[in-house]
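In the order they appear, the protein sequences are chains A and B.
Taken in order, the first sequence gives residues 105 to 438; the numbers are from the numbering used here.
Taken in order, the second sequence gives residues 1085 to 1146; the numbers are from the numbering used here.
Calculated from the structure, these hints are not laboratory results.
One should not assume that every hint holds.
Just the calculated beta-carbon pair ranges, DEER-fashion [stated by the list, open to error]:
| hint | chain 1 | residue 1 | chain 2 | residue 2 | range |
| --- | --- | --- | --- | --- | --- |
| 1 | B | Pro-1128 | A | Leu-377 | 19 to 27 Å |
| 2 | B | Ile-1087 | A | Gly-270 | 57 to 65 Å |
| 3 | A | Gln-153 | B | Phe-1119 | 43 to 51 Å |
| 4 | A | Val-211 | B | Asp-1124 | 29 to 37 Å |
| 5 | A | Arg-214 | B | Arg-1120 | 27 to 35 Å |
| 6 | A | Glu-371 | B | Arg-1120 | 52 to 60 Å |
Short derived list, chain B residues pointing at chain A, Cβ under 8 Å [to be verified]:
| hint | residue |
| --- | --- |
| 7 | Gly-1115 |
| 8 | Arg-1121 |
| 9 | Pro-1128 |
Here are some of the chain A residues that sit facing chain B, going by a computed Cβ distance under 7 Å [to be verified]:
| hint | residue |
| --- | --- |
| 10 | Gly-126 |
| 11 | Asn-130 |
| 12 | Glu-131 |
| 13 | Pro-132 |
| 14 | Ile-245 |
| 15 | Asp-246 |
| 16 | Gly-420 |
| 17 | His-425 |
| 18 | Leu-429 |
| 19 | Ser-431 |
| 20 | Gly-435 |
For every residue, glycine included, the Cβ atom is placed at its ideal position computed from N, Cα and C.
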Amino acid sequence: MARDLAIDLGTANTLVYMKGKGIVLNEPSVIALNRQTGEVLATGREAWQMIGRTPGYIVAVRPLRGGAITDFEITERMIRLLLQRVGVSRFTRPKVVICVPSAITEVERRAVTDAARRAGAADAQLIEQPMAAAIGADLPIDEPIGNMVIDIGGGTSETAVISLGGIVALEAVRVGSFDIDAAIQSYVRREHGIAVGERTAEEVKVAIGSAEAGPDENQAEVRGRDLMTGLPKTVLLTAEEIRVAIDDVVSSITASVVRCLSKAPPELAQDFLVRGMYLVGGGGLLRGLAQRIERETQVPVKMSNVPLEAVVLGAGHCIEHYDALKSMFMGARR
Amino acid sequence: MEIFVVVVLVLMVLVAVVILQRRGRPRQDDGMNTFRRHIDALSPEARRESIDRARRHDEGKR
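Turn these sequences into a full structure, and let the hints steer you where they fit.
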């Protein structure tokens, strides 16, 4: 008998929680394929290391963009392989709860559930990421008080107000930390005339990226291909210029938080001033982002203790208490 | 005699219909019970079990 699973199928990483056990898998959402035969060559961390470094016949891709499936067939194969890795076989078909962005369309929802069912799940239910994040971040969402959670993922940023076990207000934008990487890539190309890959852009973001000026700012040396000569070239980037380069993306994230705050009922809005908002997701780790949101909203922002795992822990809790919490699943409320 | 049988049959059918209708109708406290279970399952005590289990599993892997 298979143990039921909760899956955080993120644009950047996929995490799997097994009922009664905990988090059993945490890997990048990447799959490497042989272009000619269609065979899967690698998934997860191994495939991630191949991004931008493959010969012509191999392609390493992220099958999800902006939290949605861009290639149904590849996503299904990736889910099937992930399920196999955690012990799911043709004869053991578990119930699966999958975390998805709240803004996905009906067609995208069906694509996710179909992909999971075809990959070996007996039943696939969906839960909104900010709801799962609030459960996993241990916010008191069972009480009649306003809890605000900001989940910044690879492809989406979602802000939700939650009270008494349900979502009161929600705001989502299809902008996330991959858009920050893309902004860095395009800035370096435009201002320094060199092309860098997405992994290099991500390294720059982690090394010197920030949303607000900090006390000790560093510089980063970046190697790429000179667009004029085609030769390798090194340039020095400052934290200040990266901050300017990513400002549009950061501004659209903070604007969505402001929109969500303005949708919240006034009775709950006063709770935020006392309790603050909670930041989860990998994108929330960007230096100075909490301070920037705090400055623009005048509401305290706190970082969750488990920013990367909050969503899957919340979905895992739903799989542990499946019958009591099934009314929270997206299909159940339609 | 025939009238008596017909009356008894009609009464039996009526009783059966009433019983079936009552069974089909959701009880008034169903919604309250479901909501209470939902809220209880989201309580910090209930969540502590899942989080502790995840932590124990993580520590076991290290």
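A quick look at each hint next to the structure:
1. Pro-1128(B) / Leu-377(A): 19 to 27 Å: holds (22 Å)
2. Ile-1087(B) / Gly-270(A): 57 to 65 Å: holds (59 Å)
3. Gln-153(A) / Phe-1119(B): 43 to 51 Å: holds (48 Å)
4. Val-211(A) / Asp-1124(B): 29 to 37 Å: holds (35 Å)
5. Arg-214(A) / Arg-1120(B): 27 to 35 Å: For Arg-1120(B) against Arg-214(A), whose Cβ atoms are near 32 Å apart, the range 27 to 35 Å holds.
6. Glu-371(A) / Arg-1120(B): 52 to 60 Å: violated (22 Å)
7. Gly-1115: violated (10 Å)
8. Arg-1121: Holds: closest Cβ of chain A sits about 4 Å from Arg-1121(B), inside 8 Å.
9. Pro-1128: holds (7 Å)
10. Gly-126: holds (3 Å)
11. Asn-130: This hint is violated: Asn-130(A) lies away from chain B, its Cβ roughly 10 Å from the closest one there, beyond 7 Å.
12. Glu-131: Result: violated, 15 Å to nearest chain B Cβ.
13. Pro-132: Pro-132(A) check fails; min Cβ-Cβ to chain B is 19 Å, beyond 7 Å.
14. Ile-245: holds (6 Å)
15. Asp-246: Status holds, d = 4 Å.
16. Gly-420: Status holds, d = 6 Å.
17. His-425: With a minimum Cβ separation of about 4 Å from chain B (threshold 7 Å), the hint on His-425(A) holds.
18. Leu-429: Result: holds, 5 Å to nearest chain B Cβ.
19. Ser-431: Status holds, d = 6 Å.
20. Gly-435: violated (16 Å)
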